Amino acid sequence: MNKGIVVEAKKAKNGLDLSPLWKKEDWWTVWLGIILIVAAAVGGVAKPALPKKWAEGGILESIPVDLIPGILVTGVICWILFSLAVYFFKKEQVKKFAVSFPVIFLLGIGAYVMGNYAPWRHYGFNNVVWALVIGLIISNTVKTPAFLKNAAFTELFIKTGLVLLGASILFNRVLALGVMGLGVAWIVTPLIVLVMYWFSQKVLKMKDDKSLAITIVAALSVCGVSAAIATGAASKAKKEEISLAISISLIFTILMMILMPALIRLFGIDPIVGGAWIGGTVDATGAVVAASTLLGEEAMQVASVIKMIQNILIGIIAFGVAVYWATVYEKDGDSKTSVKPIEIWNRMPKFILGFIGASLIFSFFLSKETVDATLPVLDGYRELFFTLAFISIGLESNFKDMAKMVKGGKPLVLYLTGQILNIVITLAAAYIFFSGRFFALPF
Amino acid sequence: MKNIMDKIKVGVTLFVVATAFYIVASDLGEHGKKAGGAGDIWWTGVPQINAAYEDLTRE
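Residue numbers (the numbering used here), protein chains in the order written: chain A, 1 to 443; chain B, 1001 to 1059.
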């Protein structure tokens, strides 16, 4: 059993030890998330100022002069928040962090500028992908300077971003399309997750790559990048594993975004059924809108809402994976011994509490006006934190380690098989629920 | 048999990557004419998604 877990379990036996609440990085992701959520809800922080989309007008469109002070303020807010957290859980490193973080932030701004070039962004090369590329280029060419590693707190950035992501998982929207939406998004998706995870373990024998397998399966069946990040963090996947899942998802999203509308028109499939099919299968949320627009307004609306309902599932899947990993895979030697709740609690990544808590509060306790006003602020910071996380991942990764994971082709076979199964079953579900033959359409 | 499987794997991988590259290089998705795109990874980043939800629930 993990030493840390034993120590925590002993402490728990001897009495209530509250110090992890301020000494553990994992807890600080929850606190930072709460601080930002409360600040956004009371109007204490505005949407972060970040480089804008640009195209023919040139790169200067991305950072007009009047945006620079706002970007600096955004950087200072992040610097204060993360330095505060590092001060409590790794005091000896806080000075080095405070000096190095501005460089990570500047690299992140660079990733935004590259990722906001409209033609490339349309095909998935967004700020998160560019952050990874920039980090990888530095680490694999000039090597990551030691001082930069002091600020590469990947888990702090990624998990704080995930707590903020939780706020936009709105369970109260699940029934937007009635039973039909649930039929496509909430029956097919969990089925694919279960079948393909079984396939990865029993057929592909990815026994040593369980976290990679579940990360790829979540990416292909739920919503690509966001699902890979949330499930990867919940299953304690390696940084390179999350990067690999995102890269595979990106390539297939490009293909599906173009080929699926073409197939739907080629075979004369009803646009509403086609919209539901695209909403249930294409990984990236924005790609769903781009692809379904070709089929007409109604198809786009159905596809969009199906995708939104499917996005909500990531809350349940990430929570389920965190509990399952803590209960089954991190269990002590004897598989027959039942795991005590306190052990599950100790092993559970704590960010998942903030992630689910934010989701429940925004779904059921806040007014629509507050949710509408707060989400854009949190969404801006969430995206920025993911970008900082992928700069850090790139800085700590090398191509050799990534190539090792692809060796043998199992991750690609898993994705390809899963996506084909997803496409076939979702088409059947879209036909059953949205053709109008079995259920009356809600519009 | 293993050789054939390996060649199939390499062939499929190259085909997938080459097709993706062709799509991007030729702008088959006509990026300028469409809202959204694969770079927007979450529903809050795509205004059309919330608009579609509001429309459907109003109806």
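One or more of the hints may lead you astray.
To be verified - Below 16 Å or equal to it, Euclidean Cα-Cα: the simulated EDC-like pairs (lysine to aspartate or glutamate) are:
#1 A:K410 x A:D208
#2 A:K149 x A:D208
#3 A:K205 x A:E155
#4 A:K407 x A:E240
#5 A:K143 x A:E155
#6 A:K91 x A:E25
#7 A:K24 x A:E155
#8 A:K23 x A:D66
#9 B:K1033 x A:E297
#10 B:K1034 x A:E297
#11 A:K410 x B:E1054
#12 A:K407 x B:D1006
#13 A:K90 x A:D26
#14 B:K1033 x A:E56
#15 A:K238 x A:E396
#16 A:K143 x A:D401
#17 A:K236 x A:E56
#18 A:K368 x B:E1054
As the list claims (entries may be wrong) - To list a few chain A residues with every Cβ distance to chain B over 10 Å, as calculated:
#19 A98
#20 L148
#21 L177
#22 V302
#23 A403
#24 G436
#25 A440
Rather than coming from a laboratory, the hints here were simulated on the basis of the structure.
None of the values given here were measured: they were computed from a predicted structure.
We treat Cβ as the ideally placed atom computed from N, Cα and C, and that holds for glycine.
Q. Which of the numbered hints above does this structure break?
A. Of the numbered hints, 2, 3, 5, 8, 11, 17, 21, 22 do not hold.
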